[in-house]
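Trainee: With these hints in hand, go ahead and build the complete structure from the sequences.
As given, the protein sequences belong to chains A and B, one line each in that order.
Heads up: the first sequence begins at 7 in the numbering used here, then just goes up one per residue.
Heads up: the second sequence begins at 56 in the numbering used here, then just goes up one per residue.
No lab work stands behind these hints: they were computed from the structure.
Just so we're clear, the structure is a prediction, and the values are computed from it rather than from any experiment.
Among the hints, erroneous ones may be present.
Said to hold, decoys possible - Example chain A residues on the side facing chain B (calculated, C-beta under 7 Å, incomplete):
1) Ser124
2) His127
3) Ala130
4) Phe137
5) Asn219
Said to hold, decoys possible - Below are the DSBU-like pairs computed for lysine-lysine, each with C-alpha atoms no more than 30 Å apart in a straight line:
6) A:Lys173 - B:Lys71
7) B:Lys72 - A:Lys237
8) B:Lys204 - A:Lys66
A virtual CB, placed ideally from N, CA and C, is assigned to each residue, including glycine.
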Amino acid sequence: MNNNFKEIDFNNFLLSCKKNVLKMAKNGGCFIGSAFSCIDILAYLYSNVFDIEKIKNMEKDRDILILSKGHAVAGLYAVLAQVGIISKDRLKNYLTIKDDLYWHPNPNIPGIEFHSGSMGHGLAIGIGMAFASKLNQISNRVFVVLGDGELNEGSIWESVLIANAYKLDNLTVIIDRNFRQANLKTEELIPLESVQDKFSAFGWQTLSCNGHNIKDIHSVFEQNFENVVDKPTVIIANTTRGNGIPLIEDNPKYWFGDFNEKELAEFNKILDNEMGGN
Amino acid sequence: MEPYESKILAMVEKNKKIVVITAENRVSLRNIPKKLNQNFIDVGISEQNLIGIGAGLAKLGFLPIMHGMSAFLTMRAFEFIRTDLGYPSLPSVIVGTFNGLSATANGTANGPTHQAIEDIALMRLVPNMTVVAPSDVSETLEILDNISKLNGPLYIRDSNLGSMSIEREPFVWGKNECIVKGDDVAILSYGTILDVCLKVSKKLSQESFSHSVYNMRFLKPMDREILHEIFSKFKKIFVIEDHINMGALGSIIKEFAWENKKDNEIIFINLRESFFRPGNFNDALQNTELAAGKIYGKIINS
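Mentor: Here is the structure:
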């Protein structure tokens, strides 16, 4: 945990991460809507919470993040490149056959603890890893990022029951609550509300934040770390799919995006204007 | 305490990296959960999570032994097995019980919902998976003795039978064995039905009908050396299994024969493409081609 948290530094960091995503939104594209939905949280965790050296060296007590909503991996690769777990140069290999950077997380990429892409697996994997920490008697933390659409999967609710049964206090789930899934709004397809009441009824500590407000993100994780409870924690991050680019924000057409250079130049300009770009 | 329980307990005492997990299937683990302490996890009736949690543990260096009924493990959790254990080739053990006709061996009458008659075909499909079908508990224990060497997932189609008390050559990992030595015809089988084949064998011997019986426990990777030996020595080969007609030993033998341009006569005795009627083991057997008398008739009249 970084006690010298500075909002301005974070904004610059996040801006660079988002620009990294744009580099992957061409020549085959990426799930840009999904990536820009949870990238603030990913950027926060890797810049302020995780010990990057421990992750690079795969130390036993490193914190672990499983991106269960694998579609957002461009956001994660962008952050991993920005903190130096992978080189920025490597992003140029995206979607080329000579590397393993594609639409879903691949464990050959440093920083990817487990592959994902098929919905509803990551939480079970994370629970296994939380058990591993308990057995190893180490006090690291396991974070699992779920999509809200992913909550349609029955396996998630099996996991939610099990994590409660074993009081896995070293497990934190972050739900990227953007109210959209592949095609439709979540509430129009399979209504999920109240997500908070559901997790609470399943025995979890429930917290929430604005997933695009860094002060809010910082304070919710501080609460999570300082307020240790005898149960797993879920943080419901209220987000907007494609946040930060008006054309794709909450636009059902842009869960996925594959853009030309002119469009990307425009997006870069928008990000610079909105986020300071200094 | 049953031999399986004693074995598991001794293994965990020796190696704390072994974690015993079950999807509330405690038939073979009744007396040990408390003794295993933290190294025992019961995830409740959730086969997908059983495998996913096992995969998470395996990824961080633990060796999970995951228990469940074969039907639910291999079908309900198939994608988890394939994607979370097979793709990363995680050393791990899946112990499936109540498979094939052994779904009835304990006198249970669960019926088609609980029958795993396609489990070998499914598990064979998963890259990096090893598939083994022990014929009795002593063989299961010998398999467990070798799990520290795994470099990928292992599916044990566990037999519910106690020790068959037959003479055996020392167990060798990856090798199948000839348990009755003779000429004229070869009988190939594995698992619970091997015991039925041995009854048939006894009757054949009484009639001085010379034959061999092979225990084909290692189904993937297949012991090809023994197949070459069988195909060279015997013109007529009987393949007997409590599995549907597709994807298991019968298919393995067909694939081998085609790849090696063999024209031996091969007779397949199995569950065809049907569920079998629930009942006590011997009654259920009678409703299939796998009853000892029927197998005997086919072989002696061949």
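Trainee: Given the hint that Lys173 (chain A) pairs with Lys71 (chain B), does the C-alpha gap stay at or below 30 Å?
Mentor: 22 Å, holds
Trainee: Per the CB criterion, is His127 (chain A) less than 7 Å away from chain B?
Mentor: Hint on His127 (chain A): holds, closest Cβ of chain B at ~6 Å, below 7 Å.
Trainee: Holds or violated: Lys72 (chain B) with Lys237 (chain A), Cα cutoff 30 Å?
Mentor: Holds - the C-alpha atoms of Lys237 (chain A) and Lys72 (chain B) are around 25 Å apart, at most 30 Å.
Trainee: Could you check if Ala130 (chain A) really has its C-beta closer than 7 Å to a C-beta on chain B?
Mentor: Holds, about 3 Å.
Trainee: Should the hint that Phe137 (chain A) touches chain B count as held when the rule is a Cβ pair under 7 Å?
Mentor: 6 Å, holds
Trainee: For the restraint on Asn219 (chain A), tell me whether the closest CB of chain B is nearer than 7 Å.
Mentor: 31 Å, violated
Trainee: Against chain B, with CB atoms and a cut of 7 Å, does the hint on Ser124 (chain A) hold up?
Mentor: Cβ of Ser124 (chain A) sits 6 Å from chain B, so the hint holds.
Trainee: CA of Lys204 (chain B) to CA of Lys66 (chain A), is that 30 Å or under?
Mentor: Holds: Lys204 (chain B) and Lys66 (chain A) sit about 23 Å apart, inside 30 Å.
Going through the hint list in order, the structure does not satisfy hint 5, though it satisfies all others.
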